[in-house]
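Residue numbers (the numbering used here), protein chains in the order written: chain P, 1 to 431; chain S, 1001 to 1257.
Hints may be right or wrong, so weigh each one.
To be verified - In silico DSS-like cross-links for lysine-lysine, where the CA-CA straight-line distance does not exceed 30 Å: (1) P:K306 with S:K1198; (2) S:K1118 with P:K207; (3) S:K1238 with P:K306.
Said to hold, decoys possible - Have a look at the derived ranges for each label pair, beta carbon to beta carbon: (4) S:R1104 with P:Y284: 52 to 60 Å; (5) P:T118 with S:L1228: 47 to 55 Å; (6) S:L1183 with P:Q145: 57 to 65 Å; (7) S:D1158 with P:S307: 31 to 39 Å; (8) S:L1183 with P:A150: 46 to 54 Å; (9) S:H1194 with P:I389: 38 to 46 Å; (10) P:L400 with S:G1099: 38 to 46 Å; (11) S:K1160 with P:N418: 24 to 32 Å; (12) S:L1252 with P:Y284: 46 to 54 Å.
Derived by calculation from the structure, the hints in this document are not laboratory data.
Even for Gly, the Cβ is constructed at its ideal location relative to N, Cα and C.
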Amino acid sequence: MVEQLAQKVLEVHGEAWTIKELFVLPNEYIYWSIQIVMYPFMTGLVAGAFVLSSLYHVFGVEKLKEIARFSLVFSFALLPVAMMPLLMHLQQPFRGINVMMTPHFTSAIAAFGIVFSTYGCIVATELWLVYRKHFVLTAQALNAQQNRSAVDNFRLLIFTCLTLGAWDISHEAIEKDHHACKIMAGIGIPVACFLHGYAGFIFGSVKANALWMTPLMPVIFICSAVVSGVALCILCYVIVQEFRKFMAKRKMARWAKDVDAPTVEELEGAKHMEVMLASNYLLYFMIAAITLEILDLIFRGYTQVKSWDILREVIMERDFTKIFILQYGLGNLVPFLMMALPGRTVRRTTIATVLVLFGVFMMRYNVVIGGQAFSLSFAGFMDYHLPIIPHSIETYKEGLLGALTVITTPFVLFFVINKFLPAFLKEDSSH
Amino acid sequence: MERREFLKSCIMVIAGASVPLSALTLIDPRKVLAANPDIQWAFLVDTNKCVGCGFCVMACKTENDIPLDANVTRTWVERYVYTKDDRRYVDSPKGALNGYTESRIDLGKGEFKEIDPKNVGKAFFVPKLCNHCTTPPCTQVCPVGATYKTDDGVVLVDRKWCIGCGYCIMACPYAARFFHPLLHVADKCTFCYHRITKGLDSACVNACPFGARRMGNIHNINDPITQLIMNERVGVLKDEFGTKPQAFYIGLAQEVR
Ligand code: SF4
Ligand code: SF4
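This is chain P alone, in the form it adopts within the complex:
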């Protein structure tokens, strides 16, 4: 028992999931595992969701109004989760704050805190501008209510705070909000792209890693980020709308009992239109993302620098299924055809978005894990085995359960945020 314990303590970080083959240097392990796959995946979703919402706010694509508001709220819910995998993978998570205290600016990660909080502020401001009228109206309505329950009193307090003392909802004031919102969204797009392009830079600038080092990495990351964000928004939007349809049918929710509640047909119509339009954008971004990825691959194959021998073996042989079948085939080609072929329906698009999300996840996986699949000696390989059943805190954090924790959190957050910032509002109380 004591021996077993000692054995466990001595397990080096990475040993639990790395299998070495041929000549791998003694200190080499897969140090960056599933959480670092989750990190660009989650930031990608944040950035993508925000870009989708900006299409409406900045470029005035009116038809995207509803899905845009939804994406904005959702991107806010995703925001804290973008940081979670980073914290979970730290060996000293309690020192994470050091990044803010002594940022070392030659490092690509150092500015993370700054970029991230700037971005958070922008999204929060934009949300506030969009929902200010809603806050004011709700607070006023609650205030006017006679004998409020404790819950309502609490809601009144929250909504009063949320107005930040700006009670003016005259037409001019709202117009001003609208304008400010447009500006914020305009600033937000480059910041969102930066947030994510920068995640690409973290990998692309590691010169020690033959697979990662390419200046294309940030651009590839941005394109696939938008792809994944748009796909997730479409998917969630469809699910939530289906749910609302169900509620409207049964008159289950509070809003469904209102006289002017949207009917099932209205919901269906709105859903169809928005999904079709958003999926067009999804297609454009997919084309950009795939072109860049393939370009990178072809370039490596064509120039055949020293590292190509080992990269070829990893890409074409060892990871062939993961890269060509799962990522490009199932994750890109199939959904692309599903959406591009004529006679597209909402259901087909929805299934396609699930595949797209899977494809982007596989791309992150193949970059992060694939980049560590070969030894720096170029003479050996490392195999990654995702810990499924955790037997220590480390195998929980860096295993299947840790990844699932990260994935489920945004939905929980969305549920809570949605109570105060309803993603689906009647026309007149927001813009």
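Following the hints, position chain S with the ligands against chain P.
Coordinates of chain S with the ligands only, in the frame set by chain P:
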């Protein structure tokens, strides 16, 4: 506001801001703390002399409190075997902690390969350690500045400040870094900074019975190590990364990476 006034106040703001900025650059803690700027430590490995006994690895782990049975090490020895039919085998089981007492090659995954001694073309050992690069990518990427280069040329890790992100481990082209199994922070060879600054040899240099490892001050032209580096044909590892390693090798084969 008038344009002229605007410009005026701009200049004033910039001038005002530059005062505290210049005050900051005046005090560079590294300059103040540097033990001796006339010293630049360099390492010299004579691969012709190494026999793969692994004494250096054992000495290093003992000196620097890296658990013996943990599968990471600050320094290690690689074995290269070339057969006459032009195949190359390399291994470094446990970093050669217990020396190369077996003739079979470790292929990983619990597989081994016995090579017919008559078929061996050439074979040699190469000790490795952190190269204390002049332009280290590892310190460049640390987000909190927990790993840094001293003025006498040694790259160190601040164990109290490292957040354990592993970025430096990924950035080192030589796999010289790892996570300390007990402290959970980045760890690597320090050239035994605690010894060399007191005039002692590093643990591995001390332990090597054949003089395959040596250390010296490359800024001192009369230092025997400096003389050797100047006069012998020496090479460095993975020069293409532009890291300018400060560990030099005599008799480096081109295949050693
Ligand atoms: S060998 Fe690696 S750890 Fe040592 S200084 Fe160079 S890059 Fe840093
Ligand atoms: S593991 Fe520690 S020393 Fe290395 S980059 Fe991260 S914080 Fe810096």
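So the hint says 38 to 46 Å: do the beta-carbon atoms of H1194 (chain S) and I389 (chain P) match that? Cβ of H1194 (chain S) to Cβ of I389 (chain P): about 42 Å, so the range 38 to 46 Å holds.
Do L1183 (chain S) and A150 (chain P) keep their Cβ atoms within the hinted range of 46 to 54 Å? holds (50 Å)
Is 31 to 39 Å right for how far apart the beta carbons of D1158 (chain S) and S307 (chain P) are? holds (33 Å)
Range hint 57 to 65 Å: satisfied by the CB atoms of L1183 (chain S) and Q145 (chain P)? With a Cβ separation near 59 Å, L1183 (chain S) and Q145 (chain P) satisfy 57 to 65 Å, so the hint holds.
Given a hinted range of 52 to 60 Å, is it respected by the beta-carbon distance of R1104 (chain S) and Y284 (chain P)? For Y284 (chain P) against R1104 (chain S), whose Cβ atoms are near 57 Å apart, the range 52 to 60 Å holds.
CB-CB spacing for N418 (chain P) and K1160 (chain S) relative to the 24 to 32 Å hint: violated (43 Å)
Does K306 (chain P) sit within 30 Å of K1238 (chain S), going by the straight-line distance between their CA atoms? holds (12 Å)
Honestly, do T118 (chain P) and L1228 (chain S) meet the 47 to 55 Å range at C-beta? holds (53 Å)
Take a quick look at whether K1118 (chain S) and K207 (chain P) sit within 30 Å of each other, Cα to Cα. With Cα atoms ~41 Å apart, K1118 (chain S) and K207 (chain P) exceed 30 Å; violated.
Outcome for the supplied range 38 to 46 Å, where the beta carbon pair is L400 (chain P) and G1099 (chain S): holds (40 Å)
Between K306 (chain P) and K1198 (chain S), does the CA-CA distance stay at or below 30 Å? violated (43 Å)
For L1252 (chain S) and Y284 (chain P), compare the CB-CB distance with the range 46 to 54 Å and indicate the outcome. Given a distance of about 52 Å, which is inside 46 to 54 Å, the answer is holds.
Hints 1, 2, 11 from the list above are not met by this structure, while the remaining hints are.
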